[in-house]
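As you go down the protein sequences, you meet chains A and B in turn.
Our numbering puts the first residue of the first sequence at 1, with every later residue one more than the last.
Our numbering puts the first residue of the second sequence at 1, with every later residue one more than the last.
Since the hints were derived computationally from the structure, they do not count as laboratory data.
Incorrect hints may have been included.
Same chains, same names: a pair is fine if it fits in one copy or spans any two.
Capping the alpha-carbon separation at 20 Å, the derived lysine-lysine pairs in PhoX-like fashion look like this [as the list claims (entries may be wrong)]: (1) Lys92 to Lys525; (2) Lys557 to Lys416; (3) Lys283 to Lys595; (4) Lys645 to Lys655; (5) Lys283 to Lys557; (6) Lys466 to Lys416; (7) Lys466 to Lys455.
Protein chains: 2
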Amino acid sequence: MCEACPAVDAESHTDVLIVGAGPSGLMAAYWMARYGIRARIVDKRPTKVFTGHADGLRMRTLELFDSMGIQHRVDHEAQSAVDVNFWVPGEKGQLMRQGPITPGQAHHSPFHHMLLSQARIEDFILDSIREHSDIEVERGVIAESFHYDETPGEDPNAYPITVQLRRILDDPQEKGQGSQASHSTKPSGFDQSNVPPEDHNNLAEQNQKAHVPNETVRAKYIIGCDGAHSWTRGQLNIPFEGESTEHVWGVIDTIPITDFPDIRRLCTVTSPHGTILVIPREKQLVRLYVPVQIMDEENGRFDRSKITPEAIKARVQAILAPYKFDYQILDWWTAYQIGRRIAPSFSRWNRAFIAGDAVHTHSPKVGLGMNMSMQDGFNIGWKVALVVSGAADPCILQTYHEERHRLAELLLEFDKLWAGMFTQENKPAARGAQGKTESMMQVVEQFQDFADGIKAFYGESPLVCKQSGGVNLTTCNLIPGERVPPVKLRMQAEGNNVWTTRLFESNGQFKLVVLAGDVREVAQKQRLETLSAFLSRSEPPNSSLLTRYSSIRGRSKSLVDVLTVHSAPWPDTEFFHFPEALRPLDPVFGWSYGKIWCDDSCSWDRDCDGRAYEKWGVDRKRGAVFIVRPDQYIGWVGEFEDIEKATKYFDGFLKTSKGE
Amino acid sequence: MCEACPAVDAESHTDVLIVGAGPSGLMAAYWMARYGIRARIVDKRPTKVFTGHADGLRMRTLELFDSMGIQHRVDHEAQSAVDVNFWVPGEKGQLMRQGPITPGQAHHSPFHHMLLSQARIEDFILDSIREHSDIEVERGVIAESFHYDETPGEDPNAYPITVQLRRILDDPQEKGQGSQASHSTKPSGFDQSNVPPEDHNNLAEQNQKAHVPNETVRAKYIIGCDGAHSWTRGQLNIPFEGESTEHVWGVIDTIPITDFPDIRRLCTVTSPHGTILVIPREKQLVRLYVPVQIMDEENGRFDRSKITPEAIKARVQAILAPYKFDYQILDWWTAYQIGRRIAPSFSRWNRAFIAGDAVHTHSPKVGLGMNMSMQDGFNIGWKVALVVSGAADPCILQTYHEERHRLAELLLEFDKLWAGMFTQENKPAARGAQGKTESMMQVVEQFQDFADGIKAFYGESPLVCKQSGGVNLTTCNLIPGERVPPVKLRMQAEGNNVWTTRLFESNGQFKLVVLAGDVREVAQKQRLETLSAFLSRSEPPNSSLLTRYSSIRGRSKSLVDVLTVHSAPWPDTEFFHFPEALRPLDPVFGWSYGKIWCDDSCSWDRDCDGRAYEKWGVDRKRGAVFIVRPDQYIGWVGEFEDIEKATKYFDGFLKTSKGE
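Kindly generate the complete structure, drawing on both the sequences and the hints.
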């Protein structure tokens, strides 16, 4: 809930305070909106970003966007980049293309690697937050002091966190900066844009002088998504381990004028002058990552003042030669020194959490940073929201660090190898063109499952039960702790198709997915009836999985949504043939047509191929049951007869509804 | 350009005045926005519609939406309905499903029949208009008097049309109605919603009394999209020929509570009590078309006061029995008497045009009315805009009536047969269940190409040259006067795919599409070079097809955009191997990467199958050339060597740029 701006020093309460409204903070705020949580999100920047910053979107992120209902907008505006090319010096030193190479993962998702300005991505998430709540980002607000009261422990009614907020919007200097940041594709825009994020910290000090009223906010939980120089991380006394490297890079977003053949294709170009990364973007833009540190060889120091768009351009021209390169339109540019750092802990007291760049920084060249940050925010967001709502035990909050820290380590490992490829010696004689490409390919392939998000590696926890039941599930591809391999299903009642990424909407509910098998067979139908009877039994009180747990107030009647996917041919089945517990009647909204699905092909949609059970590694006759967490990861898998274990899974962290 | 609301009686000038901001008026306004035309669009309703009205979207409409850049939004929100079912009484009188039947046309387009509230469709077009212009719909504005001055004839600088506008927004009574119309899914909303469109005419009279300043608008062109009771049609003295029938229908949009199995499937249900049409919609809504005239058998008259939602519900219950039917949520309802009328002429003086319901009314049951109306507006919009911009001769305006009147006739023919199916005797004994279904199917199939828009039947005119050149094009499926069969192509420079429906964007330009054939072959490459040389030759002045015609001021450099689609394998070809005239260099935006396309398959997208030449019926080696009009219909087809005929085609109606 967005509270009014106080005219004088004021104290207020909020359940969740999110510091930082970049991609990870917005993803966390998305969950507050979906669960109807009283939350605030503040950002010290007076405006959102309009150009530049991150741009790479991996397939897993796009799957999550689909579950949030915004992927169609990304797809409409973003640039696709499925294939990769590698340009290396040939025997006579001339640049040669090696590729295109299509990653095998291109077939594992309905979505492919895309590129789009961070500004637009933030717009889409913001629109979704507004659609579901009154939460608005409060910009030009700096968090200044932090106090944590350990006394109340896990008391759900306590507000142990105290933060002082200062608004800087009224400061004339700040206002000027805000208006400069308005959207512009003219080169004059870059003066403002190339202020590195860390310099914004100075703004807080400058504004101490201004007579702006403070606000004291008391919160139950805080989520710090405030970037590499995170204020929150500092307040929590969490170190940021690692180091800066000597490598300095320039980044330019331009509309290039060049005869280089692959300027509109994702590629690397290696020459004796260094390696650049070429990233085609929306609206004819191209981003280039360019090594510039060699310019400072004379004194061995990194002098930022020497790095200009012109200097970056000159380096691009040297590397791309004999191809020509120039531009008239410069949309954004920046320079950065690679720092590779990680926070050893992502949380404190189970009350304060940090996410995104605040817990991991690295070179941006793997096109993964924004994805990891958004997935951090996505991971912690629903857990905090669920606990605040009173539906879940705070024990689930510990899984945030457990799940995301290991991935941050992998990220840095990947970055170290990949970024190294760009800075090592690139003489053609060194390894040979083919060798260079091969080693780059090897690194990409080694980390691809992780990078694309096909594997999450989430370990055993209250939210992930790794012990799947039954001998019939030994070849199952539904793996607790991993995502659901996307498939397209037909709705039984309508015959229309939808990808599971959209079907399993990120609406806050757990999905109990009943793979009903071939319901034409009497024995299987009987197994399904037995399972349904278990799901809907009404005594003893609260024993039904469907009514046992709290509802999400004002959002959904049950925290556990049951979806059925059968494997009989679609024309041979009817919605009303399924047990009523699987397709309940609502007195106002009628029968739940959206709950019965079919794994059958469809003549007018090639993506709907009737191979869901096959892709999921589940027996078409016997079926199985699995649980999808609110963030689209699998929590548990079992046979029909293991259904009591599903109750056990939920009982591990969900509070029962006390018969309400 | 939207002009400020005058405080006193005022006179103003606009190039185009559009009366009526429903679907057809908005489509016409879309073109004003895209061409940058000074235009105004007024509507007598104080607010836009929020519920009810039309909802059927045929595939051709969706293809046009894709060319406008809004189809992704429709696709995200709308309900699909590809299959059709027919329920008829079986031998024992019980209802039996016959189907589902998948129309063959389902494979002819990337899009399928969809259903979505007219309110949302209007939103999407409005957003697009705003994206490209400052044009805003002026609501609560009634056109009251009309004068046409025949003196200036075709003088492009004259404003021969004078219309008096009166604003009714300030009237308290109107205000009340406006606020009632705010979005609500509560049943109470229907009191307002079921005011039939014609009753709105009374509002004008009521508001004569109010002291609201009038405005006199002088316009070059007027487009009347003001519905069945069109004021514009009346001013033009164009009759509305046809008649009302005795058949009265009720329409209800509800969230049904029913055990009828196909309530979420497009179907007809025939019983001795009549035939209803079931239309599944977005957000769990279902629309039902229900015959209600039988209730008034006693006095043989249609008494509107007797038609209530309850009466309609009772009839549905009778027809669906023994299935149960009820609802708690009624989103909208109305009742109407079928009138089947057509205007014998769609225009006067080549200055005034009428479109949509103003020129054809019929029963809504074919799900085609809004589609036809939007396509009317789409057809007249770009033609008027192009003439007003000074780029084209007014002769093209005559093609509006020629192209659309024949289709309106077909529409009424279709409706007569189809609606008749719902009102004829439905006793099981009459023809037998199978016979009923067969005759319904026959009508659907007979008109399907027309209804879905796969065939437009546009005849020979300055804009459609039916004489295609060369013996190699006898089997060509690119037929002047018809749409381009949609295919997915790969962009040569990027390798990414796009449907031609999106590629041929409705941006105001004509597309000259060069099907370059297999450019690996020397002879074919030579033919292409010769063609390109013709396209780019610079003397005598203005002889190049690329620079010969006016630009669209502030929108695009050339009125004719050249796109190349070759048939060589994508990996064996390079963007820079094509003649420069086909991929020109812009000093600011660089090379035109988006102009060279390839008909090749792609491993990660099944829709991109490398069969464009095959589907278009064009020889893969020799290729062809064709012209796509701004509204996505084919204007001319020929061989490379016929290219002078393309110039002749354009010279027939485009003005040359006088070397500007």
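Hints violated by the structure (listed by number, smallest first): 1, 2, 6
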